[in-house]
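*Asks:* Please model the entire structure based on the sequences and the hints provided.
In the numbering used here, the protein residues as written are 1405 to 1673.
Hints in this document: simulated from the structure, not taken from any laboratory.
Any given hint could turn out to be false.
When the alpha-carbon atoms are kept at most 16 Å apart in a straight line, the in silico EDC-like pairs for lysine to aspartate or glutamate are as follows [stated by the list, open to error]:
id: 1; residue 1: K1548; residue 2: E1513
id: 2; residue 1: K1436; residue 2: D1470
id: 3; residue 1: K1509; residue 2: D1497
id: 4; residue 1: K1495; residue 2: E1506
id: 5; residue 1: K1519; residue 2: D1609
id: 6; residue 1: K1644; residue 2: D1470
id: 7; residue 1: K1573; residue 2: D1559
id: 8; residue 1: K1644; residue 2: D1609
id: 9; residue 1: K1488; residue 2: D1470
Pairwise CB distance ranges (calculated) [to be verified]:
id: 10; residue 1: K1414; residue 2: K1583; range: 27 to 35 Å
id: 11; residue 1: P1451; residue 2: T1482; range: 23 to 31 Å
id: 12; residue 1: C1466; residue 2: M1405; range: 29 to 37 Å
id: 13; residue 1: T1420; residue 2: E1544; range: 33 to 41 Å
id: 14; residue 1: S1649; residue 2: A1570; range: 32 to 40 Å
Note that the Cβ used here is the ideal one computed from N, Cα and C, for glycine as well.
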Amino acid sequence: MISSVFAITKEPFNRTHLSLLPQQKHIVDIIKIHAAQGGFSVIIGEPGVGKSVLREHIESWCNERDTSVVSVSRTMHTYLNILKQLALSFKLDVPAKDLETELIKAAFEHVRQRKTLYTLIDEAHLLNMETLRKLRLLFEKFPKKHNLVLLGQPDLLHYLSLNINADIKSRITFSQAIKPLNDDDLERYIIKELETAKIGINTFDSAAIEVILRSANGNLRLCRNLCYASLIEDCREAQKMVTISHVNNVLIQPHWRSHEELIKQQVAS
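*Replies:* Encoded structure:
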């Protein structure tokens, strides 16, 4: 709908067209440096601040000749099932009893091919700490040209800070918290998305921008979703200017309203 109304080939705020923001670029640069000598990186942040964008960017490195990336996302599984996910990423088909040995061999083979290896574990805050401890012991046997990257919510660092997990935390070589964006950064993000899609930067009027920034509260995902949904409301009326009324049409949807507001509405009805 958006493409046809604005006569464009690339939609703004589309999930498949995301570029790194400055703080994400900084994290990527540091992760690359630590990978040269063997790294253990922990990236934390609240939902929606940009961890998924960062993960997808690193996963795209697997298309480069000198880089291999293996990724685990189903972190609530047992240690054995996580090993199977890793083996699948390495394209290994071996019995369960040989998984650890073959994973280590595969890692050294990649390094012999002069590749840097990155292992990503998403939603790492959901990992059982004993499972993480076993994984840490496994990855210690990997070659030095490797970086294990845990991505999770702030609870992850809390778990690692417990005395019982000191053996894991003491091995972290780099950690970073992805912070919510300020209003200026979010507005620059909106303008960049519009420019990339070759839509005028005045497609959102000033009042609409103000409401979007206030509602997103620094959360990149919320900002993107609200902008995209507001554009859809605008296109439904065959207009080319998003106003505050279009944004409000989105914000009245239940999932945008606070828990307290929904309770008040139920009591009033």
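*Asks:* So which of the earlier hints does this model not fit?
*Replies:* 5, 6, 9, 14
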